[in-house]
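Turn these sequences into a full structure, and let the hints guide you.
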Amino acid sequence: MFLIFIIISIIISLSIYLIKNNFYTIIVRNLFLLLLFSIIGYAYLHFEETNSWYFKFDSLGILLSFILGILSIATFYHSVLYLKRHKCSARHKAGYYSSLIMLITAMLSAYFSENIAVLWVSIETTTLFVSILIFHERTKEALEAAWKYLFVSSVGVALAFIGILFLCITASSNGITDLSLNHLLSITQSMNPLCLKLAFLLVLTGFSAKMGLFPLHTVAIDAHTVAPPPISAFISTTLMNVGFLGIFRIFTIIAKTDALHWAQNVLLIAGVISVFLSAIQLLKIKHYKRMFAFSSLEHMGIVAIGLGIGGIGYYAAILHLVFHSFAKAGLFYQIGQVYQFFKSYWIKDAAGYFKKAPIGGLSIILGMVTILAIPPSGLFVSEFLIFKAMFIHKYYYIAIFVLILLTIIIYSFSKNIFHLLYGKTNNVVQQESIKINPYEPISQFILFGLVIYLGINPPVFFTDLINAAIAILN
Amino acid sequence: MTYLFIILYTITLIYFALSERVKKFVWLLSIQGFILFGIAFFSLHKIKIFDFIFILAETILVKSLIVPWFLNKVRKHNHLKRVQETSVPVSYSLIIVVMILLFSFLFNNFLNSNYIHTKYFTVSFASILFGIYFIIIHKNIFSHVVGYLIIENGTFLLSLAVGSVMPMMVNLAILLDILMGVLVLGVFINRIGDAFESTKIDKLSKLKD
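Those sequence lines, one after another, are chains V and S.
Following the working numbering, the residues of the first sequence are numbered contiguously, the last one being 881.
Following the working numbering, the residues of the second sequence are numbered contiguously, the last one being 220.
If you are wondering where the hints come from, they were derived from the structure by calculation, not from laboratory data.
These numbers come from a predicted model, not from an experiment.
One or more hints might be untrue.
What the hints assert, rightly or not - Chain V stretches covered by chain S per the calculated footprint, using a threshold of three residues with CB under 8 Å from any CB of chain S:
| hint | stretch |
| --- | --- |
| 1 | 530-540 |
| 2 | 550-559 |
| 3 | 629-639 |
| 4 | 794-808 |
Idealized CB from N, CA, C, for every residue including glycine.
In structure tokens:
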């Protein structure tokens, strides 16, 4: 079934690219969304079942696919607004939607991959299509960011492949020749610890470009800065979740061995450095989209710390990943509207937004509260749980250090947001060139509302999915 | 016979360190493709016939012909003849290649696994390390893609070293992904060459904090 979905998606994407007709694109684009929700629904109904040889509808895959489904609707909606404002030709639009559909398909394929090699192929495919989308505006900056993203991610993903081959070495010594996750999990006790450690280190380094985590986080930052806002929202959320999933799959293997403590320390180091770099960079930030990008680095750092601590930290890490996806996507969508008023993403050029667009301003305030993990944001719950885990496991110094860093981040982030809302600028944009859709912030309010609602009153199926995802680690 | 090809592959790495002409890089990549074909031909004949044919076709068509042909087109489009932008002198690079080979050999001995074909492992690991080194010392984005392809060739050898034979579908997907990646990288090099009037990496510095 899943293979059929992939084939139909490829056909839809190709047909949009070749036909280049606006009406056809609208029809087929909506058809794809319908197809996407059908396959996600099918996956939920066939929980824990293997499908099309290399795919399995496991709990984490289903959870992340729900996020992808919700954000796909919002991204398609904001893409329509974005393309209309930029007066893109039918050819450009076709290229955009064609790549977007392939990107969503590749991400979904990564979420449901049961075979590590198929997961690798899916992640590499996302790199290709996202780099095309980053280059959409055809500016020099877009070209630079697309090149850096494509090249560094490709080298990173090649490193991850070497890690997978080290996994092969230790798996083949135990009679496992395919790279099925189930088979690998069945032989963890007899795996060579050195090969496992090397595999984990290489996979973490390689997929850190995707997850936006230290050490290869820089390419994701540049990509956020120049990509169209709806695509930035995707890179910062669902695509980062793909990187997380790649690392998490190998982590589940190592978690059943004696090398677990070592892997957790590696994650802790990567996480703390990520939060540290984010705090330092946010102090001197000059660009709103870059600010959101460094905020993503901070949140991915917190997720890595959650995994690194273990215990309740596992649950909190996945909870944090879900909440961050909704909150950050909402902020990126909203910044697309902010751009309409100031024609710039530079902090010095954009100020006094609340007066110009009170509803949009309200959305930004709500976005700030949710992303900075201020109650009633759901991110407060996940961060609280991660700090609780740190204190339970006696990581006092790390907890205090991270708390100081988070204070710096809250100060820097809120200072710039208040400047955006109530500050003053000399940048004057002609009223006629401002094109605003009054319903634009609705999707943002829904997303921020979801973060608050899921934090206060999480539905049973939601917590069950997270518990099932981490059951393998405990 | 396999040993001969492995030695030839090692020589190509040394030639990469000695070369300064971009045209030679492309030739060396093509030669590496032929050598990989030879290695696959003499060492993989025990696998399933379709997998065997696929891997042979991959090495001879993609690695030795299509990718070098495409890179040559990109090279001509950007008028790249001689690259004198390595940050390390050639003589130093030569020493570093030897050190990389020595390190790979020692690492192979350190791993000491019965499930690794040691004859491939040393050179494959050296190729991966050298590819990374090649990217670091060159300041031209074209050379960076060459470095990436050296890493890819090393990865191919590493997969032989660990005896991993993936299913045909997965193999095909991996190959298509890498091929598409190289094609898109090539297109971007052309775009960068046209927009920035240079393919030097220091021109790509607009995105800063």
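Evaluation of the provided hints:
Residue count for the stretch 530-540 of chain V with a Cβ under 8 Å from a Cβ of chain S: 6. That meets the three needed, and the coverage hint holds. Requiring three or more residues with a Cβ within less than 8 Å of a Cβ of chain S, the coverage given for the stretch 550-559 of chain V holds, as 8 such residues are present. For the stretch 629-639 of chain V, the stated coverage by chain S is satisfied: 3 residues place a CB nearer than 8 Å to a CB of that chain, which reaches the threshold of 3. Counting residues of the stretch 794-808 of chain V whose CB falls under 8 Å from any CB of chain S gives 0; the rule of at least 3 is not met.
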